[in-house]
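Trainee: Residues per chain, in single letters:
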Amino acid sequence: MSVDRVAPLASIAGRGAGSPAAPEPHAARNPGVPLNREWFHEARVNLSGAERRAATLTTRRSLKKEWQAAWLLKAITCIDLTTLSGDDTPERVHRLCAKAKTPLRPDLLQALGFAEPLQVAAVCVYPTMVRPAVKALRGSGIPVASVATGFPAGLMPLKLRLDEIRYAVGEGAGDIDIVITRGHVFRQEWAALYDEMAAMREAAGKAHLKAILATGELKTLRSVYKAAMVAMMAGADFVKTSTGKEAVNATLPVSLVMVRAIRDYLERTGFPVGFKPAGGLSAAKDALAWQILMKEELGRDWLEPSLFRIGASSLLADIERQIEHFVTGRYSSAMRHPPG
Amino acid sequence: MTAVKEIFQTMEYGPAPEADAAVRDWLAAHEAGFGHFIGGRFLAPQEGGAFETLSPVNGAALARVAQGSAADIDAAVAAAKKALAKWAGLSGHVRARYLYAVARLIQKRARFFAVLESLDNGKPIRESRDIDLPLVARHFTHHAGWAELMESEFAGYGPLGVCGQIIPWNFPFMMLAWKLAPALAAGNTVVLKPAEQTPLTALAFAELLGEAGLPSGVVNIVTGDGQTGAALVAHEDVAKVAFTGSTDVGRKIRAALAGTGKKLSLELGGKSPFIVFDDADLDAAVEGLVDSIFFNQGEVCCAGSRLLVQESVAERLHDKLRRRMAKLRLGEPLDKSTDIGPLVDAAQLSRVRALVEAGCREGAACWQPDATVPKAGFYFPPTLLTEVAPASIVAQEEIFGPVLASMSFRTPDEAVMLANHSRYGLAASLWTENVNLALHVAARLRAGTVWVNAANLFDAAAGFGGVKESGFGREGGREGMWEYLRPLSAPGRKKPARLPEPDFSVAPAFRAPADKNGLPRLDRTAKLYIGGRQARPDGGHVYSVRSPGGIEVGQAPLGGRKDIRNAVEAAHKAAGWTAMSGHQRAQVLYYLAENLEARGEGFAEGLREMCGAPRKEAEAEVAAAIRRIFLYAAYADKYDGRVHSTLARHVTLAMPEPHGVMGILCPSQAPLLAFVSLVTPAIAMGNRVVAAPSALWPLAATDFYQLLDTSDVPGGVVNIVTGDPAELGATIGGHEDIAAAWHFSGPRGLADFERAAAGNLKPVWACDGRLLDWAGPAGEGEAFLRHATQVKNIWIPYGE
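As given, the protein sequences belong to chains A and B, one line each in that order.
Residues in the first sequence are numbered from 1 upward in steps of one, following this note's numbering.
Residues in the second sequence are numbered from 1 upward in steps of one, following this note's numbering.
Hints are computed from structural coordinates only; laboratory data are not their basis.
All of these numbers come straight from a predicted model, not from anything done at the bench.
Mixed in with the good hints, there may be bad ones.
Which chain A residues stay away from chain B? Per the calculated CB distances, all over 10 Å, these [what the hints assert, rightly or not]:
{"hint": "1", "residue": "E38"}
{"hint": "2", "residue": "A50"}
{"hint": "3", "residue": "S62"}
{"hint": "4", "residue": "T83"}
{"hint": "5", "residue": "L84"}
{"hint": "6", "residue": "R105"}
{"hint": "7", "residue": "P152"}
{"hint": "8", "residue": "P157"}
{"hint": "9", "residue": "L158"}
{"hint": "10", "residue": "D163"}
{"hint": "11", "residue": "R166"}
{"hint": "12", "residue": "E246"}
{"hint": "13", "residue": "N249"}
{"hint": "14", "residue": "K285"}
{"hint": "15", "residue": "Q322"}
{"hint": "16", "residue": "S332"}
Think about it this way: if two alpha-carbon atoms lie no more than 25 Å apart in a straight line, the pair counts; the simulated DSS-like pairs of lysine-lysine are [stated by the list, open to error]:
{"hint": "17", "chain 1": "A", "residue 1": "K99", "chain 2": "A", "residue 2": "K135"}
{"hint": "18", "chain 1": "A", "residue 1": "K64", "chain 2": "A", "residue 2": "K74"}
{"hint": "19", "chain 1": "A", "residue 1": "K206", "chain 2": "A", "residue 2": "K135"}
{"hint": "20", "chain 1": "B", "residue 1": "K5", "chain 2": "A", "residue 2": "K285"}
{"hint": "21", "chain 1": "A", "residue 1": "K65", "chain 2": "B", "residue 2": "K327"}
{"hint": "22", "chain 1": "B", "residue 1": "K327", "chain 2": "A", "residue 2": "K64"}
{"hint": "23", "chain 1": "A", "residue 1": "K101", "chain 2": "B", "residue 2": "K5"}
{"hint": "24", "chain 1": "A", "residue 1": "K65", "chain 2": "B", "residue 2": "K5"}
{"hint": "25", "chain 1": "B", "residue 1": "K327", "chain 2": "B", "residue 2": "K5"}
{"hint": "26", "chain 1": "A", "residue 1": "K285", "chain 2": "B", "residue 2": "K336"}
{"hint": "27", "chain 1": "A", "residue 1": "K64", "chain 2": "B", "residue 2": "K5"}
{"hint": "28", "chain 1": "B", "residue 1": "K327", "chain 2": "A", "residue 2": "K285"}
{"hint": "29", "chain 1": "A", "residue 1": "K101", "chain 2": "A", "residue 2": "K74"}
{"hint": "30", "chain 1": "A", "residue 1": "K65", "chain 2": "A", "residue 2": "K206"}
{"hint": "31", "chain 1": "B", "residue 1": "K336", "chain 2": "A", "residue 2": "K74"}
{"hint": "32", "chain 1": "B", "residue 1": "K573", "chain 2": "B", "residue 2": "K562"}
{"hint": "33", "chain 1": "B", "residue 1": "K562", "chain 2": "A", "residue 2": "K74"}
{"hint": "34", "chain 1": "A", "residue 1": "K101", "chain 2": "A", "residue 2": "K135"}
{"hint": "35", "chain 1": "A", "residue 1": "K74", "chain 2": "B", "residue 2": "K573"}
{"hint": "36", "chain 1": "B", "residue 1": "K108", "chain 2": "B", "residue 2": "K336"}
{"hint": "37", "chain 1": "A", "residue 1": "K64", "chain 2": "B", "residue 2": "K336"}
{"hint": "38", "chain 1": "A", "residue 1": "K65", "chain 2": "B", "residue 2": "K562"}
{"hint": "39", "chain 1": "B", "residue 1": "K5", "chain 2": "A", "residue 2": "K99"}
Note that CB positions come from ideal geometry on N, CA and C, so glycine has one too.
All chains, please: the whole structure from these sequences, using the hints.
Mentor: Right, dumping it as structure tokens:
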């Protein structure tokens with residue numbers, strides 16, 4: 001792979017690191033760059049190598065006691081609290097939003113020395129649920145993320161997909177989670193993938209764009225790397241693993257490859273792009289594993305919601321239980337924490 | 001206590017200590033000190049006293065252990081000897097049950113041993129817990145299997161006797177397993193000496209053996225330093241010595257055992273290349289380096305300590321590596337988030353420091369991350385040296401610390417050249433996504449183990465060991481079992497024929513040759529055969545070849561040092577032979593047999609005249625020689641390797657590879673058959689040989705070179721130097737460019753030969769060829785092929 005320009009990672013150091021006071025989500029946007037196949041067409045990803053690294057990430061780092069509690073609190077602030085079901089209703093969304101505003105029992109938060117409230121990063125819903133979500137979250141500052149573009153398959157005509165984005169933005173969505181056309185990746189139609197993404201970015205306007213790669217369907221890590229790179233070139237603010245509807249959702253090896261693509265893109269352009277694993281992160285230890293991945297492979301900045309989101313619906317409940325255990329020393333029960 | 005809120009801002013890792021109370025309690029219970037484990041009991045040392053084993057974290061004493069003396073070694077060897085008959089007499093199945101119990105008990109008590117290992121050695125608990133201990137249990141389980149299969153898989157083979165085993169401090173428990181498991185599976189009993197820096201897991205293991213119910217005396221553990229080891233090596237009742245450690249000590253052991261007939265395996269130092277091609281997954285390669293040179297503080301004999309990176313990606317790889325190195329955490333070994341612990345002791349730390357400083361003085365650019373290095377303890381930060389010249393001390397010497405020396409290359413050929421340009425040959429790692437390149441380079445690397453797109457993978461089913469000055473012999477797998485076995489009976493052995501000693505005097509022999517058919521005998525001139533050409537001996541002398549009746553049947557060149565030198569050089573030039581397919585070599589060998597048959601009568605007549613053998617016997621020898629050539633022609637494309645069953649989704653190719661250039665000293669008797677029996681298996685496997693034929697009756701071999709000429713055996717594949725085996729042997733044994741040697745010329749000169757072989761640590765197969773019935777089964781078979789090859793294990797993980 002030829003390298004045109006390598007900006008050292010240090011060039012962005014300090015931009016987010018150690019800016020503790022509830023960092024502004026989306027501090028900077030990725031403007032994208034012209035499509036450049038040289039950055040990825042000879043991408044090499046060795047599966048066994050990726051698996052070995054993924055398998056040892058969590059055995060090399062261990063978080064105990066207050067460190068674990070602090071990291072789990074941080075994880076809460078990175079959650080895109082999600083409901084994406086056919087049976088979603090405004091009432092259901094309303095309940096979720098209430099949870100988003102108060103993800104952790106105030107007494108627990110207080111016991112951990114936090115005076116100010118803690119919130120999740122966003123609430124993620126279907127386009128028709130954006131309006132009730134916006135209403136429910138008014139005043140909280142929590143953005144609503146909407147999936148769009150014929151989620152989860154993404155095989156609607158492009159015009160309709162773009163219209164759907166505009167609709168969701170019009171309803172008040174601050175984040176748009178789009179799905180890419182997997183067929184473009186299989187056929188290596190990079191220009192088509194790039195153009196489509198760029199059009200979506202434009203349709204989203206000020207809303208931030210997360211590109212879902214549906215990695216469980218792309219299958220090979222090389223395809224994942226290439227798709228991630230094209231999405232970033234086309235201006236994705238985040239790359240996201242999965243819709244949650246594929247047979248295989250976020251895995252550590254896939255995430256590792258996407259995170260390394262983010263690193264390579266940063267080196268080449270200086271633009272930090274965010275990462276969002278989605279689907280399959282349901283236990284507190286999963287959150288810790290992905291946080292360790294972010295810190296080890298990208299750095300401190302990628303532990304903040306400006307650059308790291310976790311798409312999850314049931315994860316929060318487990319984190320709540322673990323935090324209560326830390327506070328009280330007794331193993332907790334889900335029923336002790338309000339549902340979302 | 002750090003507030004959660006503060007951590008929430010810094011997002012640092014906190015301490016994550018592994019509990020060590022149970023191990024500390026155990027150490028406290030042994031505060032009085034440990035004895036030697038002999039005959040199933042801990043015994044106080046008979047003399048020599050005790051010494052302390054120290055914590056690498058703070059230099060504090062962990063325990064007192066006994067300093068083994070010669071008397072202690074005597075007692076241990078006696079106990080092992082006493083236990084031998086019964087242990088060896090058990091069925092494989094019963095030994096398998098014991099080994100299985102050991103494996104299971106290790107698994108059950110794994111955390112105890114992992115903590116103890118990290119305390120004593122300083123390695124991070126992640127490594128002792130996730131790598132060392134699982135491999136220890138795996139090794140015993142695997143070898144429980146070999147014990148079970150002994151009778152069927154190694155029919156006709158049995159144990160050697162009492163084995164003396166000496167292990168290093170870098171993987172104390174794992175090396176114990178690698179040594180003990182195959183020895184015990186085969187039915188040997190053992191005296192093991194752990195390293196003086198790290199004896200504790202071995203002592204705890206002795207207690208576990210009691211739990212497993214292993215019979216007393218089967219395993220004996222004597223602690224102590226190098227002197228203790230030397231006493232063990234020197235003990236006359238030890239049948240085999242297995243050593244893992246430095247090349248210098250290995251060389252001393254080789255020399256000490258010269259001429260004793262004791263079996264020896266050595267796993268020594270390395271300066272293993274880590275080759276990154278421009279089409280590699282560079283991020284994966286960086287992690288490979290972390291697993292390679294920053295694993296176990298770099299105190300790994302097979303550490304990829306020489307980075308060879310293709311020029312076009314060198315800068316990019318260095319950048320990625322530096323960034324990764326900055327993430328490595330130095331710290332308390334028992335902390336679960338520690339990547340690099342302290343070096344084992346102060347001596348090792350100063351050695352590493354001195355080598356790095358010397359490398360920098362020679363012009364290497366040194367980079368170390370701003371890592372927090374603990375003040376106390378023997379810590380050394382991960383270090384990248386770039387702009388390293390191949391001649392630099394840091395590119396040549398084994399550093400045994402977290403220090404990587406980087407060099408670049410332009411082409412695959414250059415990568416192979418640089419990789420092989422080392423006295424060592426333990427392991428190599430190569431990184432490319434191109435399967436053609438990977439396999440081509442893997443085949444050309446001179447190393448016992450090659451990892452493709454991986455590093456430091458181990459498994460009990462695959463042999464591990466080196467070539468060149470990294471030692472010889474394998475540990476693990478089928479190939480490792482051979483190190484602890486011998487043929488149960490020697491049916492082919494017979495009383496040595498009482499042959500006259502050859503007379504190497506060079507003055508004219510005052511004895512007229514016999515007339516033939518009334519005509520004066522037509523004089524024939526035998527020469528040396530070097531590089532496919534007949535050559536006069538450099539010294540310009542010949543000696544008389546006489547029949548048993550004292551009749552001079554001709555003269556043979558009295559070869560010497562320079563002739564061996566020339567022969568070795570010619571053999572090196574004949575590398576094309578090694579590159580040929582087995583089938584191609586088979587064709588040449590069959591043709592050789594064909595031509596021997598065509599000239600069989602002449603050979604028989606020559607043997608009859610030279611050896612005074614009855615016609616029938618001479619004809620039988622020729623016929624046997626023809627059959628033997630056929631045998632190895634047949635094997636040439638059939639003695640192939642295996643695919644070991646190691647890890648899931650890995651192909652581990654165990655490939656028997658020829659040594660390269662071999663030296664062969666033939667016995668005096670059976671001058672044609674023994675020569676053929678030794679030379680043909682060697683060349684069938686692809687070696688090129690320098691052979692010293694029967695000193696007494698060399699003319700069969702000198703006649704033979706005419707056959708080589710007419711049979712398309714390329715020049716330099718077989719080189720024949722006649723002369724005094726003691727003198728030729730001294731040159732062959734000491735020759736740095738001969739990779740392996742077979743000493744079949746009898747006990748005379750063997751000790752000197754093996755001492756000389758300690759120089760480049762060439763493996764020597766020494767056999768009293770006089771005692772072999774060359775016409776019988778002992779004169780042929782797979783053992784010859786096994787000794788003509790070494791197994792290279794190539795690990796190829798796959799998946800897309």
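Trainee: If a hint holds in the structure, say so; if it does not, say that too.
Mentor: Quick rundown of the hints versus the structure:
Every Cβ of chain B is farther than 10 Å from the Cβ of E38/A; the closest lies at roughly 14 Å, confirming the non-interface assignment. With a least CB separation of 7 Å from chain B, A50/A falls inside the 10 Å interface cut-off, contrary to its annotation. With a least CB separation of 4 Å from chain B, S62/A falls inside the 10 Å interface cut-off, contrary to its annotation. Consistency note on T83/A: stated as away from chain B, and its beta-carbon is indeed over 10 Å from all of that chain's, at 27 Å minimum.
With a minimum CB-CB distance of about 29 Å to chain B, L84/A clears the 10 Å threshold, and the non-interface call stands. With 10 Å as the threshold on Cβ separation, the claim that R105/A sits away from chain B holds: the shortest Cβ distance comes to roughly 15 Å. For P152/A, the non-interface assignment is confirmed: its Cβ lies about 25 Å from the closest Cβ of chain B, beyond the 10 Å cut-off. Residue-level check passed: P157/A sits 33 Å from the nearest beta carbon of chain B, beyond 10 Å.
With 10 Å as the threshold on Cβ separation, the claim that L158/A sits away from chain B holds: the shortest Cβ distance comes to roughly 31 Å. The claim that D163/A is not at the interface with chain B holds, since no C-beta of that chain comes within 10 Å of its own (minimum 38 Å). Separation of R166/A from chain B is adequate, the least Cβ-Cβ distance of about 37 Å exceeding the 10 Å criterion. The beta carbon of E246/A is kept farther than 10 Å from every beta carbon of chain B, the shortest such distance being approximately 18 Å.
For N249/A, the requirement that its beta carbon stay farther than 10 Å from each beta carbon of chain B is met, with the minimum near 20 Å. In this structure K285/A is separated from chain B by more than 10 Å, as the shortest Cβ-Cβ distance comes to about 14 Å. For Q322/A, the non-interface assignment is confirmed: its Cβ lies about 13 Å from the closest Cβ of chain B, beyond the 10 Å cut-off. The Cβ of S332/A lies farther than 10 Å from every Cβ of chain B, with a closest approach of about 17 Å, so its non-interface assignment holds.
Between K99/A and K135/A, the direct Cα distance comes to roughly 14 Å. Compliance with the 25 Å bound is thereby established for this hinted pair. A distance of roughly 15 Å separates the Cα atoms of K64/A and K74/A; the hinted pair therefore holds under the 25 Å criterion. Of the supplied pair hints, the one linking K206/A and K135/A holds, its CA atoms being roughly 19 Å apart against a limit of 25 Å. Simply put, K5/B and K285/A have alpha-carbon atoms about 20 Å apart, close enough for the 25 Å limit, and the pair holds.
Between K65/A and K327/B the CA atoms are separated by roughly 22 Å; this keeps the pair inside 25 Å, and the hint holds. Restraint check: the Cα-Cα separation between K327/B and K64/A comes to about 19 Å, which is no more than 25 Å; the hinted pair holds. For the hint linking K101/A to K5/B, the alpha-carbon distance of about 19 Å falls within 25 Å, and the restraint holds. Taking the CA atoms of K65/A and K5/B, the gap is near 13 Å; set against the 25 Å cutoff, the hint holds.
In summary, the hint linking K327/B to K5/B is supported, as the alpha carbons are separated by about 24 Å, within the 25 Å threshold. The hinted pair formed by K285/A and K336/B meets the criterion: a straight-line CA distance of about 16 Å does not exceed 25 Å. Straight-line distance between C-alpha atoms of K64/A and K5/B comes to about 15 Å, which keeps the hinted pair within the 25 Å bound. Taken as a hint, the K327/B and K285/A pair is honoured in the structure, with Cα atoms around 21 Å apart against an allowance of 25 Å.
Restraint check for K101/A and K74/A: the C-alpha separation of about 15 Å stays at or below 25 Å, so the hint holds. Restraint check for K65/A and K206/A: not satisfied, since their Cα atoms lie roughly 40 Å apart, outside the 25 Å limit. Our distance criterion of 25 Å between C-alpha atoms is met by K336/B and K74/A, whose separation comes to about 21 Å. Annotation: proposed proximity of K573/B to K562/B holds, straight-line Cα distance about 17 Å (limit 25 Å).
Restraint check: the Cα-Cα separation between K562/B and K74/A comes to about 76 Å, which exceeds 25 Å; the hinted pair is violated. With a CA separation close to 13 Å, the supplied pair K101/A and K135/A stays within the 25 Å bound. Taking the CA atoms of K74/A and K573/B, the gap is about 67 Å. The hint is violated against a cut of 25 Å. Between K108/B and K336/B, the direct Cα distance comes to roughly 20 Å. Compliance with the 25 Å bound is thereby established for this hinted pair.
Restraint check for K64/A and K336/B: satisfied, since their Cα atoms lie roughly 10 Å apart, inside the 25 Å limit. Under the criterion of a C-alpha separation no larger than 25 Å, the hint pairing K65/A with K562/B is inconsistent with the structure, at around 74 Å. Simply put, K5/B and K99/A have alpha-carbon atoms about 22 Å apart, close enough for the 25 Å limit, and the pair holds.
Of the numbered hints listed earlier, those contradicted by the structure are 2, 3, 30, 33, 35 and 38.
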